[in-house]
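One-letter residues, chain by chain:
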Amino acid sequence: MRVALFVPCFINQLFPDVGRATLAVLENAGCEVYVPLGQTCCGQPPFNSGLVDEARRAADHFAAQFQGVDAIVTPSGSCAAMVRCHYPSLPGQTPLSVPPTYELCQFLVDVLNRLDHGATLVGRGLIHVGCHQRNELHSGDAPFALLRRVSGLELVPSLSDEWCCGFGGTFSVNYPRLSVAMGSRKLAAYEPLDYNFLITTDSSCGMQLQGLAERRNQGLRVLHVAEVLAGAHS
Amino acid sequence: MRRIDELLQRLRDASAALPAIEHPGPFDVPDERDPLALLEERVCALGPDGESSFAIVEDNDALLTRLRADYPERLRAEWVVGDEAAAPMFYRFGLTEAHHLVARSGTIVLDVARALESLSSLVVEEHVVVASVDRVVMTLDQLPPLARGAKTRILISGPSRTADIEKTLVIPAHGPCRTALYLVRGTLDFGALVSRFFSSSDRGAG
Amino acid sequence: MKGKTLEHRARRQLSQSGLADTLYRATQRAVDKRNATIEDHAEWERRRDHARQIKLHTLCRIDELLAQFIERAQANGFVVHAALDAEEARRIALRICRDHGVTRVIKGKSMVSEEIALNPALEAAGIEVTESDLGELIVQLLGQAPAHITAPAIHLAVEEILTLFRERLAYELPSELRFEGAAIPPRQRSAIARDLTLAARRFLQRRFLRAQLGFSGANFLIADSGRLVLLENEANIRLSTTLPRVHVAIAGFDKLIPSHDDLATFLHLLPTSSTGQRLTSYVSEIGDGDGRHIILLDNGRSQLLADAEHYDLLSCIRCGACSNVCPIFRNIGGHGYGGVYSGPIGAALLPHLGGIDAYGDLPFASSLCGACSSICPVGIPIHERLLEWRERAQRARGTSGEKLIARAFAWLIERPAWFAAAATTYPLAQSFSRLLPVLRRWSSERDLPEMPRQTFLEWIADEGRETQRREEER
Ligand code: SF4
Numbered sequence: 001m002r003v004a005l006f007v008p009c010f011i012n013q014l015f016p017d018v019g020r021a022t023l024a025v026l027e028n029a030g031c032e033v034y035v036p037l038g039q040t041c042c043g044q045p046p047f048n049s050g051l052v053d054e055a056r057r058a059a060d061h062f063a064a065q066f067q068g069v070d071a072i073v074t075p076s077g078s079c080a081a082m083v084r085c086h087y088p089s090l091p092g093q094t095p096l097s098v099p100p101t102y103e104l105c106q107f108l109v110d111v112l113n114r115l116d117h118g119a120t121l122v123g124r125g126l127i128h129v130g131c132h133q134r135n136e137l138h139s140g141d142a143p144f145a146l147l148r149r150v151s152g153l154e155l156v157p158s159l160s161d162e163w164c165c166g167f168g169g170t171f172s173v174n175y176p177r178l179s180v181a182m183g184s185r186k187l188a189a190y191e192p193l194d195y196n197f198l199i200t201t202d203s204s205c206g207m208q209l210q211g212l213a214e215r216r217n218q219g220l221r222v223l224h225v226a227e228v229l230a231g232a233h234s
Numbered sequence: 235m236r237r238i239d240e241l242l243q244r245l246r247d248a249s250a251a252l253p254a255i256e257h258p259g260p261f262d263v264p265d266e267r268d269p270l271a272l273l274e275e276r277v278c279a280l281g282p283d284g285e286s287s288f289a290i291v292e293d294n295d296a297l298l299t300r301l302r303a304d305y306p307e308r309l310r311a312e313w314v315v316g317d318e319a320a321a322p323m324f325y326r327f328g329l330t331e332a333h334h335l336v337a338r339s340g341t342i343v344l345d346v347a348r349a350l351e352s353l354s355s356l357v358v359e360e361h362v363v364v365a366s367v368d369r370v371v372m373t374l375d376q377l378p379p380l381a382r383g384a385k386t387r388i389l390i391s392g393p394s395r396t397a398d399i400e401k402t403l404v405i406p407a408h409g410p411c412r413t414a415l416y417l418v419r420g421t422l423d424f425g426a427l428v429s430r431f432f433s434s435s436d437r438g439a440g
Numbered sequence: 441m442k443g444k445t446l447e448h449r450a451r452r453q454l455s456q457s458g459l460a461d462t463l464y465r466a467t468q469r470a471v472d473k474r475n476a477t478i479e480d481h482a483e484w485e486r487r488r489d490h491a492r493q494i495k496l497h498t499l500c501r502i503d504e505l506l507a508q509f510i511e512r513a514q515a516n517g518f519v520v521h522a523a524l525d526a527e528e529a530r531r532i533a534l535r536i537c538r539d540h541g542v543t544r545v546i547k548g549k550s551m552v553s554e555e556i557a558l559n560p561a562l563e564a565a566g567i568e569v570t571e572s573d574l575g576e577l578i579v580q581l582l583g584q585a586p587a588h589i590t591a592p593a594i595h596l597a598v599e600e601i602l603t604l605f606r607e608r609l610a611y612e613l614p615s616e617l618r619f620e621g622a623a624i625p626p627r628q629r630s631a632i633a634r635d636l637t638l639a640a641r642r643f644l645q646r647r648f649l650r651a652q653l654g655f656s657g658a659n660f661l662i663a664d665s666g667r668l669v670l671l672e673n674e675a676n677i678r679l680s681t682t683l684p685r686v687h688v689a690i691a692g693f694d695k696l697i698p699s700h701d702d703l704a705t706f707l708h709l710l711p712t713s714s715t716g717q718r719l720t721s722y723v724s725e726i727g728d729g730d731g732r733h734i735i736l737l738d739n740g741r742s743q744l745l746a747d748a749e750h751y752d753l754l755s756c757i758r759c760g761a762c763s764n765v766c767p768i769f770r771n772i773g774g775h776g777y778g779g780v781y782s783g784p785i786g787a788a789l790l791p792h793l794g795g796i797d798a799y800g801d802l803p804f805a806s807s808l809c810g811a812c813s814s815i816c817p818v819g820i821p822i823h824e825r826l827l828e829w830r831e832r833a834q835r836a837r838g839t840s841g842e843k844l845i846a847r848a849f850a851w852l853i854e855r856p857a858w859f860a861a862a863a864t865t866y867p868l869a870q871s872f873s874r875l876l877p878v879l880r881r882w883s884s885e886r887d888l889p890e891m892p893r894q895t896f897l898e899w900i901a902d903e904g905r906e907t908q909r910r911e912e913e914r
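Protein chains in written order, with this note's numbering: chain U, 1 to 234; chain V, 235 to 440; chain E, 441 to 914.
Same shape as in the complex, but just chain U (with noise of 0.2 Å):
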């Protein structure tokens, strides 16, 4: 299977571990992974701050990107989200053409019905699966049925694995209380359990989390799911 590899902006940037492993991940289970280097940002940030028009620009850029491949990979439930549901509203002339796209664990599960990875990490695992990948992808049972497969992995369910972390893009930044409120109670729910890691499929989620706890001094190490597939962890 032909696959085009969309690194988000800020993973790009932030987290190029976290490209790394998507591409061992893609690259392990048999497909021909191609990166083009002309990739920006999926448009997501003007499109939440309502600016349709610049993030059809963004739009146009990311289809003309990403032409001739079965299928678009992202580890990114939100940039997936944002393409599969959200491109189709743009406005504009023409009509976009992208091929599919797809988040990770949602490509695994989903198109190559592939589930386990050879994947070891061991200790015990919070899981925070994005919220765009379970309300707007309907998704979110994927990275579990990913997560279930790897040997040695506890998961540990909190109270809180579906609240929203409080990042959401421009809103973290424009409601800055709010979004700390929202990221603190999430963070409160975790102190009483006993868990070794936290294993995101967003690392905006992760991002957010991190920096709340890091201020607070309360450990928190932060995986994505793609750094566990590709195993490179014990």
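Hints listed in this document are in silico derivations from the structure and should not be mistaken for laboratory results. Where hints are given, some of them may not hold.
Listed next, the stretches of chain U that the computed footprint assigns to chain E, with coverage defined by at least 3 CB atoms under 8 Å from CB atoms of chain E [to be verified]:
hint	region
1	39-47
2	205-213
Computed Cβ-Cβ distance ranges for the label pairs, DEER-style [claimed, not checked]:
hint	chain 1	residue 1	chain 2	residue 2	range
3	U	D110	E	P892	24 to 34 Å
4	V	L350	E	A557	26 to 36 Å
5	E	A901	U	D110	27 to 37 Å
6	V	A251	U	A64	28 to 38 Å
7	E	R465	U	D110	54 to 64 Å
These numbers were taken from a predicted model, which means no experiment stands behind them. For every residue, glycine included, the Cβ atom is placed at its ideal position computed from N, Cα and C.
Dock chains V and E with the ligand against the given chain U, drawing on the hints supplied.
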């Protein structure tokens, strides 16, 4: 009337550009469970602390005997007079015929000509309901239309309750604290039951 | 409303100690109960679609169906009124009170009556108004608005209600429930909540018997039977609509459903979404008109109906589930929204009903997590409506700093080399984070991640992977 026409005109104009969407038709729910068993489970679950009871009896005579046994003191003439000090507007209990019962939600269905006629299910401490077993349906979707002559339908699912203070469940709020459901196999003759139950000549106790 | 943006109110609400704790506890309990009650998820999803279709069907044929409702309701003996706005609705209500010489009114819970500010109007006319729903009575005695669409007193702790009842209902705590200090010990909380409920019950019983007129809302209006449907748990609505001589119901035309056969689906969805019950203790489907009054309200709804992008907001059945899962609501409560309706549906609806000037900031105050859309029993994509509000707000605004930044950002997006170059300023920006407002707002309470040595795409370029792919294609 003028205002009504004006409102309708506004709605006509406003909805003109909306996409035409068909009615989806009836909703169908295959449910393989035994309705009677489920009804018992659900009625009892609605009053886990003894606020609900459920019994099936063989026929009308057995029902009468059972009610006399369960409510002996209530056969006296003053049975309807409540304890003024505790609850000035409440009767000790009310006896009602249910027209239908809904298993999934543990619901008692009363069809009445006027809402006022349903007071025996409302301003009472205990609501005693009798019905025939063949009036049980699985889900609300399967409820038949209102009984002939009835204009109002009351659905009752459990005791009167509130959870407005810190989500603490308190029973009752204003209506009955207890519901007792008696089902009869075969046809229920409610008129005869009532007159025999309350008639002085046929009095069992008191 | 000057200066009263949501961020402003949020600050006030967030600073109320214990408010968010109380809200999180209560809403989580409701959501957990809901989730536990839904046994068959496939059926639930089918019902949601079914309900959405019924509602959208109703809205596209609303004029015919409402005309049918009016005709059948009149045949049932109801007196039907139409009110184009709040002022008119109040006038009709007052006229009915005057015609029947009413001085004491008992009310069942009704959000529409809040919307038209009915109570102050009745009180100004010298009429005694008593809210009979316990939560509603509590907020009435406090002089507050309801803090949640279905659970008006959700924001209050037992302590606050105890103080209130002592002051207003001459309530005395029975000796066996007395406690030391300001906070009620945990194991006594529910006993005291119970006793407070009984005190309210005693107070209300006299009010039920004295009232000459009962006022209610309506959850559904059924077109083919001309009946109105009311859901409740306490029995206060049954008492309010049965005991007094006169009954007046007020409802937006959006409460309409086409047929008696459609009711079951909504009865399945509403209570489960609201409180996790399979059905509320009571459902009254009232068709004995006998002089009962129905006031049909527009008040901005027909304008929303004409909005083909947003009209599905009128299919809301006011279950409150979207508020229960909303992280914004859970932190600031209903009073943080500054309007009658609250939660996600309030944020989408208030700019329509109350104007974009007063409520235009609500759609921006959301992380767009979409939990509301996922839980909504009639499948309204609420968070998408919020997104569209943002788009509309931006169109209405002139050139702003934000727009210029977005335009520059879009320009960069189209130019990968520039985009990459711009990103290299991050470490610099980070070291000046105190000076840059955006970063300052981030870093006042959160750390920023460190910049890695090499970006992912730089690494790919070094490895030569992309080039390889391109060459194969040629
Ligand atoms: S929008 Fe949906 S979830 Fe929210 S109150 Fe209305 S029906 Fe309930």
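Each hint, compared with the structure:
1. 39-47: holds (count 7)
2. 205-213: It holds, with 5 qualifying residues against the three required.
3. U:D110 to E:P892: 24 to 34 Å: holds (31 Å)
4. V:L350 to E:A557: 26 to 36 Å: holds (31 Å)
5. E:A901 to U:D110: 27 to 37 Å: The hinted range 27 to 37 Å holds for A901 (chain E) and D110 (chain U), with Cβ atoms some 31 Å apart.
6. V:A251 to U:A64: 28 to 38 Å: Holds, since A251 (chain V) and A64 (chain U) (Cβ atoms, about 36 Å apart) stay within the stated range.
7. E:R465 to U:D110: 54 to 64 Å: Because 37 Å falls outside the window, the suggested range is violated.
Violation of the numbered hints given earlier is confined to hint 7; every other hint is satisfied by the structure.
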